[in-house]
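A.B. asks: Sequence order for the protein chains is A and B.
Residue numbers for the first sequence, in my numbering: 1 to 102.
Residue numbers for the second sequence, in my numbering: 1 to 102.
No lab work stands behind these hints: they were computed from the structure.
Check the hints yourself; a few may be wrong.
Because identical chains cannot be distinguished in the list, a pair is counted as satisfied if it fits within a single copy or across any two copies.
Each computed DSS-like pair below joins lysine-lysine, with the alpha-carbon atoms no more than 25 Å apart [to be verified]:
{"#": "1", "residue 1": "K64", "residue 2": "K46"}
{"#": "2", "residue 1": "K46", "residue 2": "K65"}
{"#": "3", "residue 1": "K88", "residue 2": "K102"}
{"#": "4", "residue 1": "K88", "residue 2": "K41"}
{"#": "5", "residue 1": "K102", "residue 2": "K23"}
Number of protein chains: 2
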Amino acid sequence: MSKENIPNENTSKDSDNSVFIGKRPTMNYVMAAMMLLNEGKNCIIKARGRSISHAVDVAEILKKKFVKAARYVDIRLTTEQLTNSDNKVSNVSSIEIEIAPK
Amino acid sequence: MSKENIPNENTSKDSDNSVFIGKRPTMNYVMAAMMLLNEGKNCIIKARGRSISHAVDVAEILKKKFVKAARYVDIRLTTEQLTNSDNKVSNVSSIEIEIAPK
C-alpha cells in the first residue's frame, strides 16, 4: 500500500495563494494570509487603488506580530486598465506583495 | 591645472534623493522625482499611512509616461512608531520606492 508522490497542483496555482484586499476589517485579511503561511505556502497580498495602503498594513501586521519568521520575497507595482460603466478606460495602480513563511 | 576627482557627497546623501508624498497634486511629485532621475541620480519616493497608495501612483505614472527607461531598484515596507499629541504611540506603515534612471 505505497502512497504515490503526486505533486500537489494546488500549491503552484497563483490564485490559490492570493489574498485580495478590499473593504473588510484588516484582521480578516491578516488571518487569511496567516493560514496560507502556516501551510508552508507563499502568500501574495494583492490590492488596487486606495486599498494599496491597506495591503501594506496587512503585510506589516502579519510580519511584525503573527509570523515573525516571514519575509518579503518580492513586491511588484503595476498599472491596470479598468473600464468603468461609461466605457471610459482608467489606469489604476496595483501592488502585489509576495511573502514566504521563512 | 588638473581637476581632482572629489567624490560628490551630495549624491550619496539619502535625504537629497527623497520625495516625500503628502497631499499636493500627483504631478508635483512626479516632476520632483523626474528632475532627480534626469540628473542621473536614483530617487526614493517615501510615504506613510494613507499616502502609500498615492506614492505608488506617482511611481507608476513616472515610469509609464515620463521616464520609460526607469526601473525599480528596491521597494521597502516598514512600520514606524509615531507619538500623537495625547502621547499615544501608534504604528504606521510606510513605503520607500527606490527608482534608478535606467
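A.B. asks: None of the hints should be skipped; say for each whether it holds.
C.D. replies: Here is what the structure says about each hint:
1. Taking identical chains as interchangeable, the C-alpha atoms of K64 and K46 lie at most 25 Å apart whether they share a chain (19 Å) or sit on different chains (20 Å).
2. In this assembly of identical chains, K46 and K65 lie within 25 Å of each other by CA distance both inside one copy and across copies; the values are 20 Å within and 23 Å between.
3. Proximity of K88 to K102 under the C-alpha cut-off of 25 Å is found in neither arrangement, the shortest distances being 43 Å within a copy and 32 Å between copies.
4. Taking CA atoms no more than 25 Å apart as the test, K88 paired with K41 passes in neither setting, with 38 Å inside one copy and 37 Å between copies.
5. For the homomeric pair K102 and K23, neither the shortest alpha-carbon distance inside one copy (28 Å) nor that between copies (37 Å) is at most 25 Å.
Taken one by one, the earlier hints fail for this structure at numbers 3, 4, 5, listed in ascending order.
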